[in-house]
Structures are given as structure tokens and as C-alpha cells.
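Undergrad: Its first residue numbered 1, the sequence shown is counted upward by one per residue in full-length UniProt numbering.
Careful, some of the hints might be misleading.
Claimed, not checked - With a cut-off of at most 25 Å between alpha-carbon atoms, the simulated SDA-like pairs for lysine to any residue come out as follows:
id, residue 1, residue 2
1, Lys581, Ile547
2, Lys400, Lys459
3, Lys71, Glu163
4, Lys561, Leu577
5, Lys459, Gly262
6, Lys459, Gly135
7, Lys581, Arg179
8, Lys111, Gln282
9, Lys252, Gly241
10, Lys189, Val221
11, Lys253, Val221
Everything labelled a hint here was simulated from the structure, so no lab data went into it.
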Amino acid sequence: MHNRNRPYLRCLDCQFDALRLIIQSFSKPGLIRLALCLIIVFPVAQASPPQAAIASAHPLATEAGFEILEKGGNAFDAAVAVSAALAVVEPAGSGLGGGGFWLLHRAADGKTVMLDGRERAPLEARPDMYLDEQGKPVPDKSINGALSAGIPGMPAALVHLSEHYGRLPLTTSLAPAIRYAENGFPIGKRHHRLLSFRVDILRRSKAASDVFLIEGNVPDVGTLLVQKDLANTLKQLATSGKKGFYNGDFAKKLVEGVRNAGGIWTLRDLSEYRVVERQPIQGFYRGIRITAPPPPSAGGVGLIEMLNILSGYDLQVVDESTRKHLIVEAMRRAYHDRERFLGDPDFVTIPLQRLISPNYAAGLRASIRPDRALPSDYLSHANLPEPDGENTTHFSILDKEGNRVSATLSINYPFGSGFMVPGTGVLLNDEMDDFAAQPGTANVYGLVGGQPNTIAPGKRMLSSMTPLFVEDAYRIGIMGTPGGSRIVSMMLLAVLDFAEGRTPESWVAVPRFHHQYLPDVIQYEPSGLTENEQAELKKRGHKLKAIDRRYGDMQAVLWNKSTNRVYAASDPRGEGLAKLK
């Protein structure tokens with residue numbers, strides 16, 4: 001059992017108590033007493049961190065970020081470098097054919113913003129495009145091949161990030177990724193495993209097979225992966241900017257390749273793509289401020305809703321089984337609201353302020369029994385498959401100026417659609433599966449889709465990606481993870497660990513369990529629940545399902561301003577690198 005004793009004063013409520021103490025000291029004799037109060041209660045907080053920190057899912061991506069920092073770039077330039085490098089060295093999780101969310105904080109003026117580089121549905125998309133004649137979803141039609149691909153946002157986001165927030169030219173920031181693609185790098189165990197998982201789909205695309213396979217077979221670990229076409233595409237993006245991808249001859253090549261393979265992209269789709277700057281949403285949990293992505297991310301809303309529900313309990317007092325039961329019940333209700341209310345805010349009206357309101361959470365909390373699970377059938381009667389697979393990637397950056405980036409990127413399922421546009425090196429996403437092919441049905445991760453997330457031309461599909469900033473009086477945390485439908489539950493467990501005063505090494509290693517409303521089952525990784533906890537949860541009416549391997553790949557950074565110390569950690573489940581410099 002974790003020790004949850006809080007090691008130092010940090011919550012905002014405590015700050016107000018401290019302020020009252022100081023004010024009272026004015027009416028008492030002795031300036032020394034006042035000085036001691038100021039020193040003890042308000043230790044000197046440093047204005048800027050002593051070191052930069054980068055945690056990413058691949059060592060080469062982390063090194064790319066530091067290479068750019070050493071050339072005079074800031075965290076935003078480094079984010080461009082890391083994003084592009086991950087597109088090269090971790091093609092199962094992200095790429096130029098995908099998109100993502102970049103949560104940014106600029107120290108100079110305090111600006112905090114989310115760059116929405118999420119994919120859009122093609123303008124020829126229809127609500128019934130993945131249904132058969134009986135109106136039922138066609139298996140795999142929204143997962144494999146060119147028809148499953150949304151319009152990519154990654155290239156536009158890299159240009160926007162560089163031009164509006166960086167200080168180095170794009171040619172400099174993209175140089176490491178270009179080098180990795182051109183010269184190659186040895187593939188690792190994770191790449192090999194995910195390649196084996198999707199090999200049959202990759203074989204259907206000659207361009208993808210030629211790049212990732214050897215005579216149609218999965219190459220051995222350590223084999224050099226060279227991507228000449230991708231290097232050329234990155235060079236064109238570096239020199240021509242957004243137009244080098246979304247307009248002109250290159251755009252024609254993309255559209256021709258997609259349509260020849262059964263897709264529905266048009267030149268207008270590409271030319272009209274825009275990155276959207278969105279205002280992040282914020283919530284509070286026991287004096288901790290959570291800054292999270294707004295819709296079309298479902299993660300921020302869901303996480304704040306869960307934390308608001310849990311704020312009514314003292315999780316440090318109850319036993320571990322009760323603690324996990326309460327956390328699961330909070331997950332259940334937030335994931336249910338995901339289906340009911342969330343979608344692209346440019347297309348649907350979302351009761352956002354209600355969903356993240358503590359008063360709304362209090363109403364949900366009233367339905368929770370500490371001794372009994374509420375069956376999800378009480379919320380809905382759908383019967384859905386269990387989620388599988390993994391996707392996406394994440395990185396966290398803090399530079400010496402205090403700028404910070406938390407970014408989660410994706411092409412959805414491992415290696416996306418499995419289709420690569422010939423002559424481009426661009427492996428396309430299959431993010432169209434993140435729409436609800438039909439209200440009440442589930443996507444490849446078992447997430448239920450509701451009417452707000454149905455397909456429409458130009459619409460952005462709902463996402464689980466949840467890059468975060470978490471802050472209390474003296475600490476700033478930067479965190480995020482891949483993991484499909486399990487992203488939000490992983491972030492919840494990490495934030496609760498932050499609330500207990502621990503450092504990133506603990507956040508990224510917390511044993512994981514998950515409930516997403518439907519299917520009505522607690523999933524847990526090896527060691528995620530003890531045998532006693534399993535027995536106690538079953539007594540409360542929960543159904544359990546063990547996952548045969550550990551999941552997630554969290555990347556986290558912490559700056560403790562009171563001690564002026566920086567920490568970084570990469571999930572031990574993955575092969576990433578966390579580094580300070």
C-alpha cells in the first residue's frame with residue numbers, strides 16, 4: 001500500500017490559511033515572527049527551472065529535442081523536432097499522416113493554449129459510409145485502407161507551432177527527423193511487436209510493405225529502417241511550409257494515391273485544413289489546478305468530471321479496495337457522459353460548463369454506493385465488444401525559460417490504416433473509426449459512439465488524447481500517455497498520484513486499472529489489482545478482466561519550484577527516454 005502522507009504544504013486552501021496566519025501576525029509583537037512565517041510558509045519559488053527536461057516514447061526523439069534546444073531553440077522548437085522524429089522512429093503511433101493535440105504554456109506572457117491538429121472527415125464523407133445495406137457497421141471498413149483516413153493535421157500543426165511559438169526556422173527543427181528518415185535507425189522490440197500485429201494489413205499496401213517489410217515479412221529487431229520518401233516529404237515541408245503538403249503537386253499526389261486506393265479525399269479537403277487554437281479547460285482537485293484539452297478531446301472533460309466526483313471522498317483514509325471501487329464508479333459515469341454529450345464543438349452544442357461543474361459531479365456522486373457497483377445497464381443497455389490494441393504517442397517538454405509542452409499524437413490503430421500513399425512515405429491514419437459509425441455502436445477500442453460524434457463532412461472526430469498540465473502551489477507537472485480508450489483512466493491515476501506528493505517516476509509506474517462504462521468490466525494489467533482487491537471488488541458486484549500485459553507509455557516531467565529541482569520519467573512499460581540537461 002502506498003504511503004499517502006503529504007510531504008509538504010502545497011494545496012491552495014493551505015495557502016489561504018497561511019495568509020490568515022501572516023495577517024494575524026501583524027497584530028502581534030515581533031517582526032521576527034512575521035519573517036519566520038514568510039520563510040516557512042512561502043519558501044522562495046524559483047522563476048525559471050535550472051534544467052530542461054524531455055520525456056518521449058523513443059530515445060532518438062528525446063535526443064532530437066535536446067539537439068534543437070542546444071541550437072538555441074525553445075520548448076516549442078523542440079516540440080516540432082520531437083513530433084517529427086516520432087513520426088519517423090515510431091510510425092506505429094504517429095506520423096505526418098495523422099494528427100494530435102499540443103498543449104502549450106509560454107512563460108513570457110503566461111499564455112496557455114491547445115493546438116488542435118486533429119484530423120477532419122473528408123468533405124465527401126457520409127454518416128452511413130461504413131454501414132452495410134442493413135444499416136450495420138461493416139467490420140474493419142473504418143480501420144483498414146484509404147477509406148478509413150481523415151485529413152491529416154500533423155504537418156499543418158508543426159508549421160503553426162514553429163511559426164507562431166518557436167524561434168528557429170523549420171528547416172532547423174525538422175533536421176533531426178530528416179536525418180533519421182534518410183540514414184535509417186535500428187527498429188526495436190515494440191516496433192517489431194506492433195508490426196507483427198498489423199503485418200497482414202501492411203501487405204495490402206505496396207508502398208507500406210516496401211518500407212516496413214522485407215519481401216512481405218516482418219524484419220528482425222535491429223534491422224535498419226530507412227524511409228527515403230518520408231525524408232523528401234519532410235524536406236519539402238521544411239522549405240515550403242504548409243503549402244508543401246496541402247497544396248500543389250504534392251497535394252495532387254496525395255489525393256490521387258488515396259482515390260486510386262478507394263478513398264474519398266479531394267484537393268479542397270487538403271487546402272481547407274486549418275489548425276485551431278482552442279482555450280484549454282481547467283478544473284481543481286484538492287488545491288491542484290488541472291489544465292486539459294477541450295473537445296474534440298473527450299479526455300479533459302472526462303478527467304475533470306472524475307476528479308470532481310472523487311473530491312467528495314478522502315481517498316487517503318478509505319481502504320484500498322474501497323478506494324479503487326470509488327475510482328471505478330467515477331470512471332463509469334464520466335465515460336457514460338462521453339457517449340451522451342461529446343463531439344466536435346464546431347458541429348455540436350456541448351454542455352461543457354455543466355459537465356465540468358462540481359455541482360454536476362455532486363449529483364453523480366449521490367448515486368454511488370460505497371458497498372456496491374452500479375451496473376452500467378442502469379445507464380445504457382448496449383452490449384459491446386471489449387477494447388484491444390494500442391495506439392498513439394506522447395511527449396512532455398520543459399525548457400530553462402519555463403516554457404512547456406504536453407503533446408499527444410496519433411494515427412489511431414497501430415500503423416494507422418496500413419495504407420501508405422505511393423512516393424510520399426506518408427502512412428495514413430484510420431481516425432475515421434473514432435467517429436460513431438452508428439449511434440450506440442463501438443469503435444475498435446470498444447468506446448460507445450453517440451449522436452454528437454457521428455460522421456459529417458469536415459467534422460473532427462472525438463479523441464481520448466489527454467495531454468495535461470497539473471499545478472499546485474510549488475509544483476508543475478507535465479504528463480500524458482497513449483493507450484486508446486484507457487488514456488483518461490491512466491491520467492486519472494497519475495493525477496491522484498501527483499496529489500499524494502510523488503514524483504514522475506511514480507506517476508508513470510502506477511499499477512493500472514480501467515473502466516469505460518461499456519463493456520461493464522474492470523480491466524486491469526498484471527499487478528494492477530491485488531488478489532484481495534479483486535475478491536473485494538467482486539463482492540461489490542464488479543466484473544473483472546485481466547489484461548495479459550502492461551499497457552500505456554506515459555511520459556512525464558515535474559518542476560518543483562520550492563526546491564528548484566526538475567524530474568523526468570519515461571514509462572517503464574515502453575522504450576522511451578526521459579532526460580535532463
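Undergrad: Taking the hints in turn, state whether each one holds.
TA: To see whether the hints hold, each was checked on the structure:
{"no.": "1", "hint": "Lys581 / Ile547", "in the structure": "violated, 37 Å"}
{"no.": "2", "hint": "Lys400 / Lys459", "in the structure": "violated, 38 Å"}
{"no.": "3", "hint": "Lys71 / Glu163", "in the structure": "holds, 17 Å"}
{"no.": "4", "hint": "Lys561 / Leu577", "in the structure": "holds, 23 Å"}
{"no.": "5", "hint": "Lys459 / Gly262", "in the structure": "holds, 20 Å"}
{"no.": "6", "hint": "Lys459 / Gly135", "in the structure": "holds, 21 Å"}
{"no.": "7", "hint": "Lys581 / Arg179", "in the structure": "holds, 22 Å"}
{"no.": "8", "hint": "Lys111 / Gln282", "in the structure": "holds, 14 Å"}
{"no.": "9", "hint": "Lys252 / Gly241", "in the structure": "holds, 16 Å"}
{"no.": "10", "hint": "Lys189 / Val221", "in the structure": "holds, 6 Å"}
{"no.": "11", "hint": "Lys253 / Val221", "in the structure": "violated, 32 Å"}
Violated hints for the displayed structure, listed by number in ascending order: 1, 2, 11.
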